[in-house]
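Chemist: As a plain string of letters, each chain reads:
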Amino acid sequence: MTDLTVKISSLTLKNPIMPASGTFGSELAPLLDINRLGAIVPKSITLSERGGNQTPRVCETDGGMINSIGIQSKGIEHYIANILPSYQDFEPPLIASISGESIEEFENLAERLDREPSVAALELNISCPNLRDHGQAFGMSADTTYQLLGKVRAVTTKPLIAKLTPNVTRIQDIAEAAERGGADALTVANTFLAMAIDTESRKPRIGNVMGGLSGAAVKPLIVRFIYQVHQATNLPIIGSGGVMNGQDAIEMILAGASAVQVGTATFIQPNAMNTITDEITDYLVRHHISAVKDLIGQVNLD
Amino acid sequence: MTDLTVKISSLTLKNPIMPASGTFGSELAPLLDINRLGAIVPKSITLSERGGNQTPRVCETDGGMINSIGIQSKGIEHYIANILPSYQDFEPPLIASISGESIEEFENLAERLDREPSVAALELNISCPNLRDHGQAFGMSADTTYQLLGKVRAVTTKPLIAKLTPNVTRIQDIAEAAERGGADALTVANTFLAMAIDTESRKPRIGNVMGGLSGAAVKPLIVRFIYQVHQATNLPIIGSGGVMNGQDAIEMILAGASAVQVGTATFIQPNAMNTITDEITDYLVRHHISAVKDLIGQVNLD
Amino acid sequence: MKTFNAKIMTNQSVSTRYWQITLDVSAIDMPVQPGQFFHIQCGDAWKNPLRRPLSVYHYNRELRTLEFLYLVKGTGTQQLTLKKKGDMLNLIGPLGQGFTLPEQGALLLVARGVGVATLHALAREARSENKRVHVIISARTPEDLLTVETLTHIGATVHTVTDEEETSSVESVRSLSEKLIREEGISAIYTCGSRRLSKLVQELADEYQLKGELATEAHMACGIGDCYACACTIRKGNQLKTVRVCTDGPVFPISQAVLQ
Amino acid sequence: MKTFNAKIMTNQSVSTRYWQITLDVSAIDMPVQPGQFFHIQCGDAWKNPLRRPLSVYHYNRELRTLEFLYLVKGTGTQQLTLKKKGDMLNLIGPLGQGFTLPEQGALLLVARGVGVATLHALAREARSENKRVHVIISARTPEDLLTVETLTHIGATVHTVTDEEETSSVESVRSLSEKLIREEGISAIYTCGSRRLSKLVQELADEYQLKGELATEAHMACGIGDCYACACTIRKGNQLKTVRVCTDGPVFPISQAVLQ
Ligand SMILES: Cc1cc2nc3c(=O)[nH]c(=O)nc-3n(C[C@H](O)[C@H](O)[C@H](O)COP(=O)(O)OP(=O)(O)OC[C@H]3O[C@@H](n4cnc5c(N)ncnc54)[C@H](O)[C@@H]3O)c2cc1C
Ligand SMILES: Cc1cc2nc3c(=O)[nH]c(=O)nc-3n(C[C@H](O)[C@H](O)[C@H](O)COP(=O)(O)OP(=O)(O)OC[C@H]3O[C@@H](n4cnc5c(N)ncnc54)[C@H](O)[C@@H]3O)c2cc1C
Ligand SMILES: Cc1cc2nc3c(=O)[nH]c(=O)nc-3n(C[C@H](O)[C@H](O)[C@H](O)COP(=O)(O)O)c2cc1C
Ligand SMILES: Cc1cc2nc3c(=O)[nH]c(=O)nc-3n(C[C@H](O)[C@H](O)[C@H](O)COP(=O)(O)O)c2cc1C
Ligand code: FES
Ligand code: FES
Chain A
1 MTDLTVKISS LTLKNPIMPA SGTFGSELAP LLDINRLGAI VPKSITLSER GGNQTPRVCE
61 TDGGMINSIG IQSKGIEHYI ANILPSYQDF EPPLIASISG ESIEEFENLA ERLDREPSVA
121 ALELNISCPN LRDHGQAFGM SADTTYQLLG KVRAVTTKPL IAKLTPNVTR IQDIAEAAER
181 GGADALTVAN TFLAMAIDTE SRKPRIGNVM GGLSGAAVKP LIVRFIYQVH QATNLPIIGS
241 GGVMNGQDAI EMILAGASAV QVGTATFIQP NAMNTITDEI TDYLVRHHIS AVKDLIGQVN
301 LD
Chain B
303 MTDLTVKISS LTLKNPIMPA SGTFGSELAP LLDINRLGAI VPKSITLSER GGNQTPRVCE
363 TDGGMINSIG IQSKGIEHYI ANILPSYQDF EPPLIASISG ESIEEFENLA ERLDREPSVA
423 ALELNISCPN LRDHGQAFGM SADTTYQLLG KVRAVTTKPL IAKLTPNVTR IQDIAEAAER
483 GGADALTVAN TFLAMAIDTE SRKPRIGNVM GGLSGAAVKP LIVRFIYQVH QATNLPIIGS
543 GGVMNGQDAI EMILAGASAV QVGTATFIQP NAMNTITDEI TDYLVRHHIS AVKDLIGQVN
603 LD
Chain C
605 MKTFNAKIMT NQSVSTRYWQ ITLDVSAIDM PVQPGQFFHI QCGDAWKNPL RRPLSVYHYN
665 RELRTLEFLY LVKGTGTQQL TLKKKGDMLN LIGPLGQGFT LPEQGALLLV ARGVGVATLH
725 ALAREARSEN KRVHVIISAR TPEDLLTVET LTHIGATVHT VTDEEETSSV ESVRSLSEKL
785 IREEGISAIY TCGSRRLSKL VQELADEYQL KGELATEAHM ACGIGDCYAC ACTIRKGNQL
845 KTVRVCTDGP VFPISQAVLQ
Chain D
865 MKTFNAKIMT NQSVSTRYWQ ITLDVSAIDM PVQPGQFFHI QCGDAWKNPL RRPLSVYHYN
925 RELRTLEFLY LVKGTGTQQL TLKKKGDMLN LIGPLGQGFT LPEQGALLLV ARGVGVATLH
985 ALAREARSEN KRVHVIISAR TPEDLLTVET LTHIGATVHT VTDEEETSSV ESVRSLSEKL
1045 IREEGISAIY TCGSRRLSKL VQELADEYQL KGELATEAHM ACGIGDCYAC ACTIRKGNQL
1105 KTVRVCTDGP VFPISQAVLQ
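Chains as they are written, first to last, in my numbering: chain A, 1 to 302; chain B, 303 to 604; chain C, 605 to 864; chain D, 865 to 1124.
Derived by calculation from the structure, the hints in this document are not laboratory data.
Some clues are possibly wrong.
[Claimed, not checked] BS3-like, lysine-lysine: derived pairs with alpha carbons at most 30 Å apart:
| # | chain 1 | residue 1 | chain 2 | residue 2 |
| --- | --- | --- | --- | --- |
| 1 | D | Lys1063 | C | Lys687 |
| 2 | D | Lys911 | B | Lys505 |
| 3 | C | Lys651 | D | Lys1063 |
| 4 | C | Lys735 | C | Lys611 |
| 5 | B | Lys595 | B | Lys309 |
| 6 | D | Lys1043 | C | Lys688 |
| 7 | C | Lys688 | D | Lys1063 |
| 8 | D | Lys1063 | D | Lys1075 |
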């Protein structure tokens, strides 16, 4: 029997595969076996209602895509009343991704969700390139990250997962700041600030000019970030960016990830997460490895 | 008649297409019409002889490649005695890329090359991810960039092109520092620090563990950096990263580049630069644009 | 709604810029409504990760074939043209909200360009229920006028207007439409493919108190309601609301359309 | 050296893990030496930007055909197997420094695995000059022993050793080689495909004062000497030097090889 369980702080997941926030919803139920996921991660939620960004909100690039959804949300009360219950019949633990425009908003969101038993952990989206001007994000500053984590830590006992941005000079500094501030785990990472121009119309291919790049193209950068963060902190890492198949997931686990999120691949094939889980099992069987957790950080450096 | 000329500071190039340092050599002569290039950019040169990094030094990723050559060089005297003369029969101006391990080394290199009439401009490689530990580079700090440019500016009157690193939180700050320090132009950018692991052997696919990602995969990130730098400075920009065809080059020019470097594409097709130049002409003709310089920074934002 | 593979029976050009593809969907049992769409993997999923939405051109319940009529526009549709008879195509669908027929009276369909692909399925449905159908097809050139024969063949009355013949101005289409509304007992009006014509149809539906529906387009990622890529603004009462074209649409009551 | 397209005449598997491809190069006039290689675009240049180096298995000057024998290893060679008769292949070459023949005496070729592909071209060249050729082929299993018949057919004497039969230890190959050197008038010894055997060949060349050459491998980007991806260390006199496998090699005097 192959053991796929992994731990993210106090949470035990039945396997390392979970959706990336913003690319998943209960609408997938007819196309994907949601009960086979390691966790459920709904779209990031904001305190009050937000309309999201201008269209077009997505465009395709070679081996990837740029999105500038900008967190379209109906606010936290609607989330608690409607979104959380829509997952109550599924087995996997639910990680709620929260996104504030200020540290106070993060605090308020965490405080509000602390009371919800159906929320197993919080992912703090301190890295959305689509919320503030020109791709600015809280996670670009170690100081802000430290402060933000500290404030949120004070209002909830739920495991806190800080989702880092890759748009930084030294991700190790941000990771350490998050750890010091009280994070229990880190998602590495959100999307890369990117831009594409249609040469025929000479217009940006995203209504909001810039957006976040995801997909296969970014994987070698994310693997590097995971490796750097794993060297810099002791926190469990959730890899996020460019996973298309089981090998990609194993690659991130070898680099130091305990779990792996899948986003863009779900747009390509709605059941990608199930396939990837099967491919991880195949890999373990083929290599006579009994537990996936034995591979975490086991890249062979000699 | 279509006008392909562009200016990089005091240099007029007959067209915007030039090689990216490290991907070009006179060995290409049988496969590429070197006289049709806008400029010649040989491999970065260091002060003294260097052996370069461990093998494997290259690996393939989806839509790109990672390299960790690490500036293998025979030193500046060999460069002046052998490399510069090997290009003397070609028409395009030669931009010498220099790479130091300290600010003093950059100074010495610039001083030495200032006396060489065959050198039209200097590109300062302050961004190589393969020289120092863990991908550190001078260009990651605005202060260091400012100081380095200032020192080099003091010893040469040749146009100085600072080659920026994309591995930073705010490239605008580095661009401004380079401008204040005395740069005449900016190359945007060098490669992205990246990593890949072979899941079968569990070893890094690059001998040096990490290396620099280039190729089609990085283009949406480079287009964004060009756009940001173009907004932050008045310096001419040379785009570098992921250009595979004439449309890619036009995209960078619309984002703000005056010229464009081609690296990885030359490994795919040795005559890629000639083809790309032809495709730029085709584009201009098809759109009834008489001069390519009229497109610089002309992305349509309304 | 499911993800499935279907074998390509034919895939060929029907005019300079348009292609038609027919799939064998005999293994799939599904109700498909006119106005609904499928989300299609057109090429190499690595280079082109995003699927492309195409609305049903014709679903033949008896032969169990599914057809799309598509404009060759960018990389995705270009790659679709490379697929050959016998190749498999991966689809998700049927997706979205389709058209609804009027209880009684005739239909007026106002299509521009490839918008006729979407309305063609509606015309078939209406004709199968023996409703009278008038179709105004607008295009750049007479060669770009699509499916005129097929529509005529199933008993719809087709009126064509083109830019080249200078018959396609909004005013011309307005007077033609008004004439049809007055003379042909039109009770419902439908449109797809042009913002200007949508505006016209919105006005006509309002003026003549007709049932009116519009099929919209938006760039999509998931196609099933998860990602909010396909947001569009509609008017509900006197409130503006952001909805998802893929699940709340692509067909909306024309009165809800916000057409700047 | 040039970049060119060549039409594929055949491309088929010759054993479980090995394939052979034959190209029509009638349009290309070039001298090709054994040990030289071509840098080949194996698949979609987008997903797999890097070319793959393959050494000449056989270049037929009269028929103007060029053959490669390749191990299906990773994505590049996997994609190469998908190419069909009539498809075009894009190549750069011939590249690098090939083998040199001894003035007189017999040749001993020591190959492991797909290394025999490279040495096969040398065996042909030597046989065409009527030199005697002995080939020791080492492989994992008897099925992995390649080109035994072809080599025999052109008049080379083939000696096979395999891991499965436990005949392939360095010691066994050493005693077999020493026997051949003593009894068959061997004046030059060549190797490709195994570090352990290269070390052996280096020792034998030294001990018996034979001309010796080695064909090396390295991961490459440009293949033509520009990028320094393919660096390897050699010994010249008592100095270590870093050279480029693609232009200074892939064939080096065995005495220069640095084999840790
Ligand atoms: C519900 C719906 C039904 C449609 N039905 C049809 C149909 O029956 N026949 C037909 O020819 N076209 C139809 N379209 C438009 C069709 O989806 C686009 O023409 C197609 O996606 C263009 O892809 P491309 O790769 O050729 O072009 P590109 O411009 O290269 O596409 C780049 C990206 O932009 C998106 N995109 C570009 N144009 C459109 C557009 N007009 N609508 C949505 N996304 C777009 C693509 O999906 C892709 O993600 C429909 C669109 C929608 C939303
Ligand atoms: C001069 C020379 C001649 C060669 N001749 C032959 C031959 O005749 N027949 C044959 O089967 N093989 C030969 N090889 C090895 C062959 O190039 C590799 O097996 C092949 O590149 C593997 O590609 P892949 O995509 O299947 O494997 P992958 O492992 O997926 O390749 C990934 C990357 O690593 C490189 N790589 C992997 N293994 C090697 C290797 N052993 N040598 C060089 N690069 C490698 C690839 O080129 C590619 O860039 C030769 C190598 C060299 C340098
Ligand atoms: C359409 C889209 C919407 C996204 N929305 C969010 C979001 O709301 N919150 C968030 O933290 N990340 C969001 N992301 C980022 C993903 O969660 C993920 O980190 C990223 O896409 C990289 O993974 P991938 O390459 O597997 O897609 C979004 C990504 C996409 C493509
Ligand atoms: C093999 C290789 C070697 C390189 N060596 C150098 C170098 O010596 N100096 C330098 O400034 N950049 C070097 N680069 C970076 C390129 O000049 C270029 O900026 C980068 O590859 C992005 O462009 P591309 O995507 O067109 O390849 C190297 C890149 C590659 C792939
Ligand atoms: S395309 Fe994802 S919600 Fe409509
Ligand atoms: S592969 Fe570029 S120098 Fe050898």
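Chemist: Are the hints correct? Go through all of them and say.
Modeler: Outcome of the hint check:
1. Restraint check for Lys1063 (chain D) and Lys687 (chain C): not satisfied, since their Cα atoms lie roughly 52 Å apart, outside the 30 Å limit.
2. At most 30 Å may separate the alpha-carbon atoms for a hinted pair to count; Lys911 (chain D) and Lys505 (chain B) meet this at roughly 22 Å.
3. Our distance criterion of 30 Å between C-alpha atoms is broken by Lys651 (chain C) and Lys1063 (chain D), whose separation comes to about 44 Å.
4. For the hint linking Lys735 (chain C) to Lys611 (chain C), the alpha-carbon distance of about 33 Å lies beyond 30 Å, and the restraint is violated.
5. Under the criterion of a C-alpha separation no larger than 30 Å, the hint pairing Lys595 (chain B) with Lys309 (chain B) is consistent with the structure, at around 8 Å.
6. Proposed proximity of Lys1043 (chain D) and Lys688 (chain C) is contradicted: the alpha carbons are some 61 Å apart, above 30 Å.
7. Taking the CA atoms of Lys688 (chain C) and Lys1063 (chain D), the gap is near 54 Å; set against the 30 Å cutoff, the hint is violated.
8. Distance restraint check for Lys1063 (chain D) and Lys1075 (chain D): the Cα-Cα separation of roughly 15 Å lies within the 30 Å cut-off, and the hinted pair is therefore satisfied.
When the structure is compared with the earlier hints, violations turn up for hints 1, 3, 4, 6 and 7 and for no others.
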